[in-house]
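*Asks:* The primary structure of each chain is shown beneath.
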Amino acid sequence: MTKKVLLPLGVLVAAAISISLFCYAKLPFGGEPGSPGAHQYMDWQSMSDEERVAHFRDLGQIEFKDFAELQRNVDFPVLEPTNTLGRRLLGIFQPAGRPIVDVTALFENGLQICICRNETPPDYQNYLKQVAEDKVAGYWKSDGTPKIIKINGIEAICDDPGFNDIEGRKVPRPGYICWYDGGANYSIYGDKIPVSDLLAVAKSMMNNSKEGSGPKSQNNL
Amino acid sequence: MRGKGLLVMWLCLVLLSLPVSYALAGGGALYSVVARDASTLGQSATGTHGHNYVMSDPAVVLGSFHVSSLYVDHNGTGYNFAEVGWCVHRTLLGRSLYAFCAYSLDGNYTHRHYGGLISYNSNHDWTVRHYSGTYWRWYLDGSELATVDLKGKFTYGYSLASSERNNSGDTNYSHFWGLQDRNSSGVWYSWSNLSQWKDNDPDYRLNKVSNTECYMQL
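Line by line, the protein sequences are chains A and B.
Okay, so the first sequence: first residue is 1 according to the working numbering, each after it adds one.
Okay, so the second sequence: first residue is 1 according to the working numbering, each after it adds one.
Bear in mind the hints are in silico, worked out from the structure with no lab data behind them.
Watch out, some of these pointers could steer you wrong.
Computed spacing ranges between beta-carbons, pair by pair [claimed, not checked]:
(1) A:GLU155 x B:ARG205: 41 to 49 Å
(2) B:GLY133 x A:ARG72: 28 to 36 Å
(3) A:GLY138 x B:THR147: 17 to 25 Å
(4) A:GLU63 x B:THR147: 32 to 40 Å
(5) B:ASN211 x A:ASN83: 43 to 51 Å
(6) B:GLY133 x A:ILE62: 23 to 31 Å
Derived coverage of chain B by chain A (criterion: at least 3 residues anywhere in the stretch with Cβ under 8 Å from a Cβ of chain A; other residues may be distant) [unchecked claim]:
(7) 37–46
(8) 76–86
(9) 149–156
If we take Cβ atoms under 7 Å as the criterion, some of the chain B residues that face chain A in the derived model are [said to hold, decoys possible]:
(10) ASP106
(11) GLY107
(12) ASN108
(13) TYR109
(14) THR110
(15) ARG112
(16) HIS113
(17) GLY133
(18) THR134
The C-beta atom is built at its ideal place from N, Cα and C for all residues, glycine as well.
The shape of chain A in the complex, shown without the other chains (with noise of 0.2 Å):
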């Protein structure tokens, strides 16, 4: 009697643990790539083109339509990439409060490079010393390392996209290449665009380059 009954109720209790962990698994704590990310209250890489142009001029950002207009503001040469992977660019943002220059340009299907004034040089090899040290203490949540690579002489970092586990999600992130020269930080994002791509973007940038990159002084735009 006591074996009939404890191995239904066995079998029941067990179907019903694996069914929750199931349903467990299919809630947003382990959910599918590509869904928004928690602890980002932006999910910029769902977005399109229109979302993210509007979202720019809801903030009220100053408005370049090239690279042409944004070098007759200001003082320093600008690196205009001439390969941009046939991707035409959206316009040229600056948010009207900083007195830097700090510029984003959008491209069309996620790619965007920035522009940023900073006096202070990265430390890349340092940065890679403290990502492994997050990698062992748990707090890096990429599934990436970012690398270090030399274009044209000049120190890169770059990671190809992937997703990073936020709180069990995977958020997918951009692919980069990121540099820092003459006073100003070169970033180059991609959506699902690798490294081997956004390279040649950056040599087109790197190669426009007449009188050296950076900027001369730290006058405001």
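For chain A, the structure is supplied; the task is to place chain B on it using the hints.
*Replies:* Quick look at chain B alone, frame taken from chain A:
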């Protein structure tokens, strides 16, 4: 007889899985209500500071969470930011509450959480700010949580107060007050133009009390 037993077993299984299935209904989406200081300083803040209330019994469904936090986001894309706040999270082991500091560099997300520093039904003081050179520092109630080299990626950005949840069964209530921006000289100023930036939450909305105080509430 055997078929009847199987049917009973199946019904039992369905009943047992129902609570989890209900939790699935609202899942899959992230909802956030975000306030910012739309003043000039709020676009180039080197830090954000404010007070926030940790509710006595925040509702959070299994596998989901609620977050109340402050940000400095460099250019408004979420690729480069520093964040401090608290999170309540429910797993199979139960509900957990913790303070955290987080940052994203070039889209690489890093998150440190600290259990045991905050409790339910309490007020806390949160600060995230550029510290020195390429370093940023996070504070809870005036005590340092962490100091991290953000490799000079940004030293200022948009000052934000955010309330987030991952499921329609979670609370997304937040109360922020005493909100401040830090300027490039390290001086703190009260927010002067509290505005809604983002709200994709179908239920919760921003209730502005003043330029330095707001609720995210039903």
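*Asks:* Now, for every hint given, state plainly whether the structure supports it.
*Replies:* Tested hints:
no. : hint                            : result
1   : A:GLU155 x B:ARG205: 41 to 49 Å : holds, 47 Å
2   : B:GLY133 x A:ARG72: 28 to 36 Å  : holds, 32 Å
3   : A:GLY138 x B:THR147: 17 to 25 Å : holds, 18 Å
4   : A:GLU63 x B:THR147: 32 to 40 Å  : holds, 36 Å
5   : B:ASN211 x A:ASN83: 43 to 51 Å  : holds, 46 Å
6   : B:GLY133 x A:ILE62: 23 to 31 Å  : holds, 28 Å
7   : 37–46                           : holds (count 7)
8   : 76–86                           : holds (count 5)
9   : 149–156                         : holds (count 7)
10  : ASP106                          : holds, 5 Å
11  : GLY107                          : holds, 4 Å
12  : ASN108                          : holds, 4 Å
13  : TYR109                          : holds, 4 Å
14  : THR110                          : holds, 5 Å
15  : ARG112                          : holds, 5 Å
16  : HIS113                          : violated, 9 Å
17  : GLY133                          : holds, 5 Å
18  : THR134                          : holds, 5 Å
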